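K.L.:
Now for the letters of each chain:
Number of protein chains: 4
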Amino acid sequence: MPIRATVWGENIHEQEEKAVSDNYPEGMHGQIAKLLREDSNITTSTVTLQDPEHGLTEKKLAETDVLLWWGHAGHKLVADEIVDRVAKRVWEGMGLIVLHSGHESKIFQKLMGESARLNWREAGERERIWVVTPGHPITKGLPAYFELETEEMYGEPFAVPEPLETIFISWFQGGEVFRSGLTYRRGAGNIFYFRPGHETYPTYHDKTVGQVLRNAVNWAYSGEKHPQLGKSQNTPIEKSLEPITERGPKLASHQAATSAK
Amino acid sequence: MPIRATVWGENIHEQEEKAVSDNYPEGMHGQIAKLLREDSNITTSTVTLQDPEHGLTEKKLAETDVLLWWGHAGHKLVADEIVDRVAKRVWEGMGLIVLHSGHESKIFQKLMGESARLNWREAGERERIWVVTPGHPITKGLPAYFELETEEMYGEPFAVPEPLETIFISWFQGGEVFRSGLTYRRGAGNIFYFRPGHETYPTYHDKTVGQVLRNAVNWAYSGEKHPQLGKSQNTPIEKSLEPITERGPKLASHQAATSAK
Amino acid sequence: MPIRATVWGENIHEQEEKAVSDNYPEGMHGQIAKLLREDSNITTSTVTLQDPEHGLTEKKLAETDVLLWWGHAGHKLVADEIVDRVAKRVWEGMGLIVLHSGHESKIFQKLMGESARLNWREAGERERIWVVTPGHPITKGLPAYFELETEEMYGEPFAVPEPLETIFISWFQGGEVFRSGLTYRRGAGNIFYFRPGHETYPTYHDKTVGQVLRNAVNWAYSGEKHPQLGKSQNTPIEKSLEPITERGPKLASHQAATSAK
Amino acid sequence: MPIRATVWGENIHEQEEKAVSDNYPEGMHGQIAKLLREDSNITTSTVTLQDPEHGLTEKKLAETDVLLWWGHAGHKLVADEIVDRVAKRVWEGMGLIVLHSGHESKIFQKLMGESARLNWREAGERERIWVVTPGHPITKGLPAYFELETEEMYGEPFAVPEPLETIFISWFQGGEVFRSGLTYRRGAGNIFYFRPGHETYPTYHDKTVGQVLRNAVNWAYSGEKHPQLGKSQNTPIEKSLEPITERGPKLASHQAATSAK
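Chains as they are written, first to last, in the numbering used here: chain A, 883 to 1143; chain B, 883 to 1143; chain C, 883 to 1143; chain D, 883 to 1143.
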């Protein structure tokens, strides 16, 4: 059964900026989905900020194995309720791939527990992306490094938690470095942050970038659902795995107090 | 200069439950602060949910090196604005020690990016806490294990990110296990989660628990402030560290779009 | 193309101890291979300590995608040269699954950089193994916990590096806990340590144990070869990616000194 | 009580190469020790490859809290027995700081369980070292980045395990990047790898490099000894923490078999 990838696009600059619509006539989400379809094991659909519920209905999320997220200008326009819904689905086991300026999206900040801030410069400078974990599923088939001739610079410190694995590190022409590929798990969900992707540059037309995205979708896919990870559960004394006898003072209000759990 | 520790207590069950006020006549926050003061390098103060701004004013947080957090019944009563303020201060470099039922506090969930759920049982059963990282500052001077004869059970899976280090693992009489001591960093702030501390049991009268808390305060202290970690910054082309020339199409709206950063 | 798993068995107690040969008439390696073959995507072969080069010839290792290792009484009988060969193949990308008493094998100690010591007791006590990472490929399809009614106890502290991920934690009847499933990467090779498997108990007849081993083989497989990870490489000035000019004093002996690299 | 730091110097190129003896007339070890003494909380001594037992006698190691290691041309001249002795002392709790070309020393390879290979170029190019973990004890008081105008290049992939924390990442003029500061723990011992330090360049005359080394010594110090981490221990049934009864077949040879533990 193929992996069901949903590409979420903010779809603002595609409407407002000629440089972007010239670059991505089908929208950035459209172009990203196209890259994914080169893998016959991935089926794709796209949704945008402008769709009802930003396209991220309960039904849509239930049918999504891996969600890709590109946003920039409209982070604040994403409803908190939808952000919470996406987070819950990640905890349950949906994969999430956050792209470029998505680092400051509400969903990424929520899952990281940090500001995810960084230093940046839009100068069309050269970026050279080095593979630091050969043998990782996300770097499968990649060369030792690849270059994007014109990209926006992101520089350290990147305010994110220590990752499970640092996959890529970028060299920038202007003198900065950046951890451009990082993996995390939150609940049962795999998360990959991938740095490149400024909307005025041809990044999502690059073959190696396409390979990374397809690898990442395959890596992030778990195919399992663990809804229990959203909520604490009482394990009653009479069902304890080893025989125990209740002891000590008990909280009178415990029932009420823990009903929030 | 001593470490300034602030103990935040929810202070609800101390008012409402005789079992708790008998156990901790000075409040749980009062008793925790008392344990900390056995280290002459730590000065303490206490604040509670009922104080204006829950006692966590900008001024108070600025004067706090390490914050300890005990809450249970009133997680939802903590204002979101205060939670955001505490998180920002952690990112800046304040240490945070989250105790027991604080695992479902807003601040811990926010910093973890997960539900922090678990399984639980209030039966006064035996807990045996094993040191898994001898040599770590938090386990300094501890025996190979220590026991709490009556404690609430918390069982895996504990829905938190893979920690920097697993410090303690608990064995429970009823058959469960739990990662009872975990370290994290968020921004420049060190975070330690420590499991024991049910309000009806004498946990904060235990000598070894006191030692752990004092060790943890010393470990979490950084003494530095990094306010820049809360916000992205533009690095202008004309100030780039290596000479570069601007290239490629530029986002017309970039100024506006990134003003949110 | 199926995954080629090789099971390495020490094959000593099977020859010398009736309790073990009664339990595993085809040898422990034979029984482990049998469990793996329930996955049609895995092909298996077995080799033992007594084979020429312990069965781990260059050819055999080149044709092995994932190696499983069970040893106990004969760790010191394994030739250092073969240990180095296996390590090199792991760095290159071969998966390695180390079982039970293999924790003190030369190959595991070498890859961990630690003693991998622990506390132990052979008493046929109950072990309850808890899943702490639901959604991980190694825990796919598993229940929240599973029990082995009679097992050897291993207790913390387990002297191994902080893992990439803690997959399982065991509860023991006698009062100990243990991190029973741990993942690592060394070079391009994935490593999984799985605790259960004392030779006098029926552990490798257990259905859930079989599922874990099959999951682990699928997880550890990378299908790539990265021989360059064994050796440093000079990147000559005239081939540098960005134009640079040689500056400063140069080491006269550099050629000779670095030939060891 | 001050921290007792021992600087181990290979002391070969200082004897054989004029460029090096001009640069470090007191030896590299001498200059490194000098940098450390700017912290009044550190006392220093130096030993070299040429000393009996390479200066690393049992007595000397017992009196060392943190060992610094600089080697390059003579890695193979270090006796395996001494390497094992140092590793054992690290597991016990001694801190270890490995410098520059020490990445291919026997002791570092042993503790990493990998080849620690990398790409390199001696061209006196510019290195810019970025702090990626503001607030970490090793980066205390440092600027956002610092530059070494002439350094040897080390490039990724650096074949080491995923670290506890990535502290520094270097940008090189010729187009490469490198994880220049990495932390690990092995047993009870803290390990820090710090990249800069080619012998023909004035790196150990740099003020910021000195600050990093002093910070690292303070961070690596634990002041505890955990000799038990070198050896497995039997926990007899009659002394089990919870009452258990022996069950199942017992290994006749267990006593002999596990005597290797």
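Don't take every hint at face value.
Treat identical chains as interchangeable: a pair holds within one or across any two.
Lysine-lysine pairs mimicking PhoX-like chemistry, simulated, CA-CA at most 25 Å apart [claimed, not checked]:
#1 K1132 x K1113
#2 K942 x K1132
#3 K970 x K1022
#4 K1107 x K941
#5 K1121 x K988
#6 K916 x K1121
#7 K988 x K958
#8 K1121 x K900
#9 K958 x K970
#10 K1022 x K1113
#11 K1121 x K970
#12 K942 x K1113
#13 K942 x K1089
#14 K1121 x K941
#15 K992 x K1113
#16 K970 x K942
#17 K1089 x K1113
#18 K941 x K900
#19 K942 x K900
#20 K1089 x K992
#21 K1113 x K988
#22 K1089 x K958
#23 K992 x K958
#24 K1089 x K1107
Honestly, the hints are just simulated from the structure, not real lab data. Only a predicted model underlies this, so the values are computations on that prediction, with no experimental measurement involved.
K.L.:
Work down the list of hints and note, for each, if the structure agrees.
P.N.:
Here is what the structure says about each hint:
{"no.": "1", "hint": "K1132 x K1113", "result": "within (22 Å within a copy, 43 Å between copies)"}
{"no.": "2", "hint": "K942 x K1132", "result": "neither (44 Å within a copy, 35 Å between copies)"}
{"no.": "3", "hint": "K970 x K1022", "result": "between (30 Å within a copy, 20 Å between copies)"}
{"no.": "4", "hint": "K1107 x K941", "result": "within (14 Å within a copy, 41 Å between copies)"}
{"no.": "5", "hint": "K1121 x K988", "result": "neither (41 Å within a copy, 30 Å between copies)"}
{"no.": "6", "hint": "K916 x K1121", "result": "neither (52 Å within a copy, 36 Å between copies)"}
{"no.": "7", "hint": "K988 x K958", "result": "both (8 Å within a copy, 21 Å between copies)"}
{"no.": "8", "hint": "K1121 x K900", "result": "neither (65 Å within a copy, 28 Å between copies)"}
{"no.": "9", "hint": "K958 x K970", "result": "both (19 Å within a copy, 19 Å between copies)"}
{"no.": "10", "hint": "K1022 x K1113", "result": "between (36 Å within a copy, 20 Å between copies)"}
{"no.": "11", "hint": "K1121 x K970", "result": "neither (28 Å within a copy, 42 Å between copies)"}
{"no.": "12", "hint": "K942 x K1113", "result": "within (22 Å within a copy, 33 Å between copies)"}
{"no.": "13", "hint": "K942 x K1089", "result": "neither (29 Å within a copy, 36 Å between copies)"}
{"no.": "14", "hint": "K1121 x K941", "result": "neither (35 Å within a copy, 49 Å between copies)"}
{"no.": "15", "hint": "K992 x K1113", "result": "both (17 Å within a copy, 15 Å between copies)"}
{"no.": "16", "hint": "K970 x K942", "result": "within (14 Å within a copy, 34 Å between copies)"}
{"no.": "17", "hint": "K1089 x K1113", "result": "neither (42 Å within a copy, 29 Å between copies)"}
{"no.": "18", "hint": "K941 x K900", "result": "neither (34 Å within a copy, 48 Å between copies)"}
{"no.": "19", "hint": "K942 x K900", "result": "neither (31 Å within a copy, 50 Å between copies)"}
{"no.": "20", "hint": "K1089 x K992", "result": "neither (31 Å within a copy, 37 Å between copies)"}
{"no.": "21", "hint": "K1113 x K988", "result": "both (22 Å within a copy, 14 Å between copies)"}
{"no.": "22", "hint": "K1089 x K958", "result": "neither (32 Å within a copy, 44 Å between copies)"}
{"no.": "23", "hint": "K992 x K958", "result": "both (13 Å within a copy, 18 Å between copies)"}
{"no.": "24", "hint": "K1089 x K1107", "result": "between (32 Å within a copy, 22 Å between copies)"}
Hints 2, 5, 6, 8, 11, 13, 14, 17, 18, 19, 20, 22 from the earlier list are contradicted by this structure; the remaining hints agree with it.
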